[in-house]
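Take the sequences, apply the hints, and build the full model.
Sequence lines, in order, name chains A and B.
Numbered by the numbering used here, the letters in the first sequence go through residues 1474 to 1686 in order.
Numbered by the numbering used here, the letters in the second sequence go through residues 65 to 245 in order.
Calculated directly from the structure, the hints in this document are not laboratory data.
Glycine residues also receive a C-beta, built at the ideal position from the N, C-alpha and C atoms.
One should not assume that every hint holds.
As the list claims (entries may be wrong) - Straight-line distance between alpha carbons at most 25 Å, and here's what the computed SDA-like set of lysine to any residue pairs gives: (1) B/K70 - A/V1623; (2) B/K236 - A/S1595; (3) B/K198 - A/D1531; (4) A/K1574 - B/V111; (5) A/K1555 - B/K70; (6) B/K217 - B/S117; (7) A/K1555 - B/K217; (8) A/K1555 - B/K231; (9) B/K198 - A/F1600; (10) B/K171 - A/E1582; (11) A/K1574 - A/D1599.
Unchecked claim - Computed from the model, here is a short list of chain A residues facing chain B with C-beta under 7 Å: (12) P1554; (13) K1555; (14) C1556; (15) I1568; (16) D1571; (17) S1595; (18) R1596; (19) G1598; (20) Y1603.
To be verified - Just the calculated beta-carbon pair ranges, DEER-fashion: (21) A/V1623 - B/Q125: 55 to 65 Å; (22) B/V84 - A/G1583: 27 to 37 Å; (23) A/L1499 - B/Q90: 36 to 46 Å; (24) B/L189 - A/P1538: 41 to 51 Å; (25) B/K70 - A/V1649: 25 to 35 Å; (26) A/G1625 - B/P99: 22 to 32 Å; (27) B/V150 - A/S1503: 55 to 65 Å; (28) B/W86 - A/G1583: 47 to 57 Å; (29) B/N156 - A/P1605: 33 to 43 Å; (30) A/R1637 - B/L69: 24 to 34 Å.
If you want the building blocks of each chain, they are given just below.
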Amino acid sequence: MRYFVGHSFLLIVGSIVRSIALSVTLLILSANLIAQPQTDANPPVSQIESASAGNASDRLLFTDPQQRQRYYQLIAELRCPKCQNQNLADSDAPIASDLRKELHLLIGEGYSDTEILQFMQSRYGDFVLYSPPVNSATAVLWLLPAGLAVIGGLVVMILVFRNRQVLETQTTSQAVVKNSGDQQQKMDNLIDNIIQNSNHSSNNRSESSKHDD
Amino acid sequence: MLSRLKLFIPLLVFILLALVFWSLEQRIISGDHDPSTLPSALVGKAVPTFNLSRLNDAEEQLTNADLNQLPALLNVWATWCISCRVEHAYLNELSSRGINVYGLNYKDDREDAKLWLSRLGNPYLLNLFDNEGKLGLNLGVYGAPETYVIDSKGIIRYRHVGVMDEKVWQSKIVPLGLDWQ
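Spelled out as structure tokens, the structure:
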């Protein structure tokens, strides 16, 4: 009895704690949503702030929003040659800062995205592109995943096919066993009949011989 | 019997892979191999066009024509680079052997660099002052020290990332077969 009382007590306490935690979480989330930072208090200043791009230390200015967009895209696509698991957007390395400035310059001078990527590639190699080029050297890199998937699929198909064949032979041999069992039963029945019939006829003969005295 | 042997295939594959990774790790530990070094995109190409002042003379402008004693090493260095201090003694030795060594002072302060050289010795035939890193960018420099090997036709044949020492000289540069004398 005490055990059950304790158990339900824990359940009640648990649900109270959960509801408190949920309401606190909701409060915090809604507070974040409600309290927006005031960006348009002083229009000219905020324009400059929204025009600058990259890390705060770069102070790179883009007046054209399209250029800024291209810049953001490019610094996400290019790998930092020094901190090789970061893109130019994330890296704090000096070379990343230099390359961001160079991007700013090239975009301002009117180079296209393709030309800019080529510029980086011809100086820092294919590795600086997050998406490696498709050529004979990188063919293995591009084709291997799909190739392995195809091979894996083939192996699965072959195994399934073999299993199905094994299953079929098993069911046929089971059927053969079952059939021969039926036949065995029939034969047993026939033999029983014969024995019964012969018993009857032998009984009849013995009775008739008794009368002949 | 044969089907039993097939069960050992995964183990064999594992052992094979383990051997491969172990030997690779040994090479990394011994310093023969650094998987993070980038191969230079400039191998087989000429030194990019530049116009930089001489380290020792801010008035004098140097261009590609001034790198005329070939074959040569072009060593990228700076005073803020600690490994450059480590390799400097070896560069002095190479220079005393008669090897042509040019310097690219990369993103550095002119006076600091001049002082550094006066203290540690100057193996360089001349030093290009690239404080903005312009030639560095065109070369694909991503840190210091780096050493470019330029052949007698002015073509870059190899880029070494990191400290230059006798081991690198013998294993990576001598095999290029350039006529250093």
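Contradicted hints - numbers only: 5, 7, 14, 20, 22 and 23
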